[in-house]
Structure formats: structure tokens, C-alpha cells
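From first to last, the protein sequence lines are chains U and D. First residue of the first sequence? That's 1 in the working numbering, and the numbers climb one at a time after it. First residue of the second sequence? That's 503 in the working numbering, and the numbers climb one at a time after it.
Keep in mind that the hints were calculated from the coordinates and are not lab data. Among these hints, one or two may not hold up.
A partial selection of chain U residues facing chain D, derived with a Cβ cut-off under 8 Å [stated by the list, open to error]:
id, residue
1, 37
2, 77
3, 82
4, 128
5, 168
6, 297
7, 301
8, 304
Beta carbons: idealized from backbone N, C-alpha and C, even for Gly.
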Amino acid sequence: MVLSHAASESDVSVHSTFASRYVRTSLPRFKMPENSIPKEAAYQIINDELMLDGNPRLNLASFVTTWMEPECDKLIMASINKNYVDMDEYPVTTELQNRCVNMIAHLFNAPLGESETAVGVGTVGSSEAIMLAGLAFKRKWQNKRKAEGKPFDKPNIVTGANVQVCWEKFARYFEVELKEVKLREGYYVMDPEQAVEMVDENTICVAAILGSTLNGEFEDVKLVNDLLVQKNKETGWDTPIHVDAASGGFIAPFLYPELEWDFRLPLVKSINVSGHKYGLVYAGIGWVVWRNKEDLPEELIFHINYLGADQPTFTLNFSKGSSQVIAQYYQLIRLGHEGYRNVMENCRENMIVLREGLEKTERFNIVSKDEGVPLVAFSLKDNSSHTEFEVSDMLRRYGWIVPAYTMPPNAQHITVLRVVIREDFSRTLAERLVIDIEKVMRELDELPSRVIHKISLGEEKSEANGDNLMVTVKKSDMEKQREIINGWKKFVSDRKKTSGIC
Amino acid sequence: MVLSRTATESNENVCSTFGSRYVRAALPKYEIGESSIPKDAAYQIIKDELMLDGNPRLNLASFVTTWMEPECDKLIMESINKNYVDMDEYPVTTELQNRCVNIIARLFNAPLEETETAVGVGTVGSSEAIMLAGLAFKRNWQNKRKAEGKPYDKPNIVTGANVQVCWEKFARYFEVELKEVKLSEGYYVMDPEKAAEMVDENTICVAAILGSTLNGEFEDVKRLNDLLVKKNEETGWNTPIHVDAASGGFIAPFIYPELEWDFRLPLVKSINVSGHKYGLVYAGIGWVVWRTQADLPDELIFHINYLGADQPTFTLNFSKGSSQIIAQYYQLIRLGFEGYKNVMENCRENMMVLKEGIEKTERFNIVSKDIGVPVVAFSLKDHSFHNEFEISEMLRRFGWIVPAYTMPADAQHITVLRVVIREDFSRTLAERLVADIVKVLHELDTLPSKISRKMGSEDFGNVKGKKMEREKLMEVIVGWRKFVKDRKKMNGVC
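Chain U with its partners taken away, still in its complex shape:
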């Protein structure tokens, strides 16, 4: 006869995840926990917390790719444990990187012979790419000045005030002065004439942006080139150009092939592009290519014998995953010219749908151009009652993340909302977004504008009047309060009707 006994506490491993004691205790946040916990519990706890992050695909603020084909996901997972920098151990992965560099260099019309290999490297993003390009320019300029016996301690770089922050980082970390061409209302990119005017003997390069982050516009690189060629003839300084094509590099060759912005212009010495923007790869890959070997000083390249074989390297990062490089190669061969062109044309059409939908509301000015990166930047025609920041906040409730930001100097009074059209932003989503924006506008119309704003206006008026000060202010005070209370009452009762999905 088998004796049975009733177990009052079953073995921990039997408990279902949410019944175990691990989800009951609070995880230490600042100190490493003493004991281990089962992997299912760890997975579930983290997974659940991450549910409160925004949905990447509804993040309309970012240019960075948020969707790839499942086949590519499989390749990514399979190569996630390969350290990209082990060139000797993973020769095929290294070869794939080289092929990508060559393909991209050819895409940008680098002046290469039939079987000549391009000069370039894969990076973690455009930030690293720009720092490498900037370093190359700085070192070349220093060598040139040393040879001429002139001072080389005050290098500077000329660019527009619309640059992405990585240029400012480069300038600050590598001790180069940043000379910014200020913007103005209605003109939100770098003015080529003003830029060339700012060039002096200490300028290591002029940086033009193909696809400004603010409104997607392409800068007129050809004009910069032509003006600079003329200036170089007069001064003999030989100032080169770098094109920051982080967004535009994978758009212009497919949608605007006649636009001359790349190595077809003689003064362009290096170009960077983000593989993870319109290169259609997940975050973590960028590319920088140089025109030819001379534009990359040999002294910056390291030949190391780290893990037993010679590895030439010119990057800031060393170890990193191989997944994104392989994913980039996948996209390049999977899509080809035709595929990229189709994707970019779709993006442009969906952008036009969104833009027309917004124009039809008659409440917005469109700040972005049609030609450029497919995004729609728009600002309110009338900012007096509500601002773009409020629109952005309210859209969040519907799940959309649409950022609002102010322009840099000298156009700081302009605020824009910006929607980036990525590959996975379909027409259906575009139409839905327009509907939700209309809903938000209606809600805002019923809301009074922010209390502080109005009261301060009241104060200004009363100051001007002089003696009638106190009485005027008090009355307006009470009036406004009543107005607010009524407004909110209405708002709340309306919301009970209009409260939609979140």
C-alpha cells in the first residue's frame, strides 16, 4: 500500500508564473539582488514592465526603422552572438560588410574603377560616422597647415543651425569650433551663400545636410559646391564638403536620381548615411564612405593583432553585434534598386495623403516641402489659444507619438509638429491619423486656453490703464474663473460622449 501524503506546499518549479512568489516581491532597483530567480519569472517581469513603453510602430517621431521581414528577423537572431570585430573568425560577415560599403559607395557615384574597392566603414550610426569623417577632415587640415608652417590650433566647421546634435557633440568632444549659419522664418536650412561666406582658413570642412531633421528638406549641395569652388580658387584654401545624408542618402538616389548632391560634385569628400533610417534596418547601423584613399589619412587607421590576426580598423567602437550588418546586406540584395524605389515612392505618396488631409482641415500651415525626406511638418495657423505641444499631448492619448518642437535660432518662435513617414506607415494609418487629428482639434476648441496665459494678459492690460487697475483685474479674475469652470463642466460632459479608444 502506498502511503500518500498531502503536500501543502508544492515545489516552486510547479507554480505558474503569475502564481509564484517572484511576482509578489519587489525587485531591487538600485542594488543587485542576492538570489537568482527562475528564467520564466525574469522574462515575465521584464516583459510586463516593457508593456508600458510606447509602441515603436506608432512612434511617428523617429526616422529609425521599426519593422523588418520575418526572414530577416531570423537572420538577425542567428547572428546575434557573433562579435562583428572578430574579422578573422567571421570572414564572411566581414566580407558582407565590405560588400555593403562598396554598394553604397557606388550608389553615391564614388569615382571608382571597375574592381577598385571603396573606402568606407560600417558604424553604429550616423553619430559615429560623422565623428570619423570629421576626424579625417581635422587630421588632413592639420597636416596641411603643419606643412605650410601655419598655426593649426583653431579648426572650425561651417554648418547650418539645423544640424543634428551629433555635429555639436563632434565639435565639443574633438575641440573644433562650430560656426553655425542661422536660420530664419520661412528658410529652415543652411543658406549656401552665407555658409561659403563664413568659410575661413581654419575651416576644416563645410557640412551640408541632405534631409534636415526639422522639416526633411534637402540642402542645395550643388550650389554650396559651386560657390566653394569659386572661393577656393580665390583663396587657395581647398575647403572640402561633407554631406550628412543620414536620412536622404537612401532616398535621393531612388526618387531624385538627377539631383546632384553626392560624389558627382568634386568638392564632396565624404558622405555618411544611416542604415537604420531609410536603409530600412533596425537601429544600430550607419555607413560612412570617402571619395578615395587620400581623403582618409593613414595615421588614423589602426592595424592590430588583437585576437591573433592583423585587423585594420577605423571605428570608435570595437566589439558590437553583427546582426545589423547582415540585415543591411539582406535589404540591399533583397530589394535592389527596384525595391528601394518602390518603398520610397510609397512613402512619398502616403506623405502626400497625410499632407492633403491636414490641409483640408484648414487649421495648419505646412512647413515641410514635397521634395525631400517623406515627412509632414506642420504648425497651427492660430497659436493664440492652444499650442502645438497641446496637440501633441492629446494625440498621445490615441496612441500616436507625434513630437512638437521649436525651431533653432533665429526662428525660435516657430513651433512645429512633425510626422515621419516610414516604410511601415501605410495609407490606412495615414487616414486614421488625419481623423484623430481632427478629433483632437475639436476637443481643443472646446477647452479654454490655459489659465495662466490669460491672466497674465489681463495683468498687462490693467497695467496700461493706470488708475482703473484693481477693479478691472478683479472683475476679469472672477469672470475668467467662471468661464473656466463652465468650460471644464462642458468638457467633462462632452468627453463622456466622445471618449474613444486609447
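Dock chain D against the given chain U, drawing on the hints supplied.
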């Protein structure tokens, strides 16, 4: 009546992957192709080419993690489309990064209160971490010199010749002079006394390594600290220390907790560690922590309004994936102190097994120490016939990737083979590796040594020389015949 048609060419979608025309055409390698190809074909073609890469788990050259639990792989895949830098859009991911920084800072005994937040950041690897730490030191030193009215154009950094290449990169790219303490035979790390001696008024910091890449040894940071404290008292220069704990940072706290190397030493101002080495995460994550806010000059931090919200940032990279950060957090809470300790103890034991197996062959000198990163670095006792590079090549045929390299100055005549014991290098694999090394030694013994070397050692011509030549030729021919015959028997698996 339905008219039927015979299709002579079936639709492309119907073709099986290897039957389609896509695997027949040569893929463009230097230019983007004109047309698209189906995703199955693209996937298969790339996957097949990648079969010829080395197997990451047999790559005994690398310290970087090559295996994680499937649950973590799931988390990684789910967060692969999150751009880490969008702090406003992904607040939880940002929070997880902050928690990791705090946990690691406390692991290194940073002088923090209970709820005080640590100063640190996640990076793409120790290279970026070291550049950020170096930048902070450089800026602090420049500000100090400017305030004193002294020249600040010639900063230098003192470190051992055994540093990893990222220090040399930092020095070259950020225009800081690198003053290296040379090694000597038998002493393969930075000598604290020589280092303290090399410090001058232009030194922005002294960099000590916890876990040298060459032989895994921990440098004596405490000794360095004590010597430097004394020197600082005499000179008033206040030279700080940075500890490059890329490998050792996740080992020392668990199996050598009494070893004082971290913020317990007053002159240590910043520490970097690779999450992707013994932090047990895949490649692409490193951490740098500073002692206090004062050690990180505020002017280096950017507050930007990029995607609509204020984001303070001090990194070289901007956009990158969130997967590794989440994986690091997973490991920290999944394993906890006890889990990491178990893993490191296992690594150490497997290292002992390997070391003892190699010692038993009586053909090698062990160059690595027992205390340190679990690696076994060994060199041949007898170099006259064969060298370590040949052993490394022959091991490749069995599938193992074991690197051989020469020591830096001044010990360049020493060549070592190095095996790194990672979490996923089990005892079984260690025993198998010993067996394969023994096999390789057998093969090498039957092989004559390279002809050129033997010829070179007999200088003079003459009859004597000629006779010896012929003799040697005969030796070589006989040896090769035997070797080929034997290989037909020993030809094993590859």
C-alpha cells in the same frame, strides 16, 4: 465546358528555394542589383554564405558572450525595433538602463547613499566607455590647468604596454599622449612603481587594467593607489586613476570580494566594464560609472530637444538598439549575486581543468595566473621546431579557434596561445580541447620543421653544406610520406 490550358512555365512563387533561378544567378557584390528577389531566396543565400563563418561558441579567442537563455532571446527579439535613444517614447527602457547603472555602481562600491542616483551611462562597448571616461578626465584636467594659468596643450595618460587597442585609439583621436610602461619577460602587466614614476604634471590620469587581455591578470590597483596618494601629496597634482575593468569588473566582485580595486580606493574616479564580456550579454553593451557628479564635467553633457522632449545625453553614439540593455537587466535580476558567483566559479574550475590538462602534456609553460580572468595562456617549452602559430592553425582543423600572438614591447620574443573560458565552455569541452591539443602535438612531432629555417641556420656553402642539404631533403621527404600515410588513418572529423 471549361477550357484547360497546360502551363509550360509554372509561376515563380511555386519554385522551391533551391529550384528557383535566384540561386543560379551571381549576386552583385559591388553594386546594388536592379531588381528585387524573393525574401526566401535572399534569406537562404545569405544563410548559406554565413555557414562558412566560424562557429561563435568554438571561438575561444573572444571574451564576448556567445550564449544566452532562450527567454532572453525572446526579450531581445521583441525589443529589436526600439531605438534606445528615444527616452521620451520608451520611458521604461530608459528606466531599465538607469537601474543597471545604479546596480553596477553599487557593485563597485561607489560612495552613494541609499537612494542617491549613480552617475554613469550605457555604451556600445568598453571602447566608447573608455573614450567617455578619458574625455571627462581630459576636460577636468584642462579646466584645472586653465584655472591655475598653466599650459594645457600637452595632456598625457600613463598606462601599461598591455593595454587594449581602444586606449591607443583614444590617445590618437583625442590628441592625448600615451605614455606606456613597458613589460618585461615574466611580468606582463603594468608595474605600479614605474607607472607612478612616469606621472608628471600633464598626466590626466593613470589607467590600470583589471584583467589584462594578454594573460588575464589583475593589475595591483591598490598598490598603484597608495603610491599615487603619496606622490600627489608631494606634488599637489591630484592625479586620478581610471580602472579599465572591461573583463574583470564582473568577476572580481563575485569571486574575489576582498580584492580592493574599485571605488573603495579614493583615487579611483571612474570605472568601465563590458556588459558583453563577463556581464554575460551578447556583443554591443558596455558601462562606465563615475565616482561622483563632480568627476563628470557638466559641459560635456548635452541637453537636447531632438524629438520633442529634453534628453540629457553623454555618449558618442546616438541611435542604437535597446536589446542589449534589456538583456543586461535580465541577467542582473535573473542571476543576482548568487547566480553570477556560480557562473564565475564554474569558469574558474573549468579553467583549472584545462590548465592541468595542458600541464600534464609537459610541453607547455603556463603564462596566465590562477587569480584573474579565467583564461589559460600557454607557450611551448621548446620552440626550435615549431611555434605556437602552427599549433593554432592545426587546431582550426578540429574546429577550435585558439589565437596565438606575440607579447608587446619589451617581451616581443614571447608568443602565447590563449584560451578564454566563457560561461558556455563546459568541462566536457575543456577535456575535449586537451585531447585535441595532444593530437596536434603528435602531428607536429611527425612533421619536420619548416625548411627555410633549417636551411637558414646552416650558413656556409661547401661540400659539408651540400651534404647536409641533401640529408635534410631526404628527411623532409620521408617525414611527409609518413605524415600523409598517417593522416589517412588519423583523418578525423572537422
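Going down the list of hints, with the structure as the test:
1. 37: holds, 6 Å
2. 77: holds, 6 Å
3. 82: holds, 5 Å
4. 128: Nearest chain D Cβ about 6 Å off; hint holds.
5. 168: holds, 7 Å
6. 297: Given a least distance of 11 Å, the restraint on residue 297 of chain U is violated.
7. 301: Hint on residue 301 of chain U: violated, closest Cβ of chain D at ~10 Å, above 8 Å.
8. 304: Residue 304 of chain U check passes; min Cβ-Cβ to chain D is 5 Å, inside 8 Å.
Going through the hint list in order, the structure does not satisfy hints 6 and 7.
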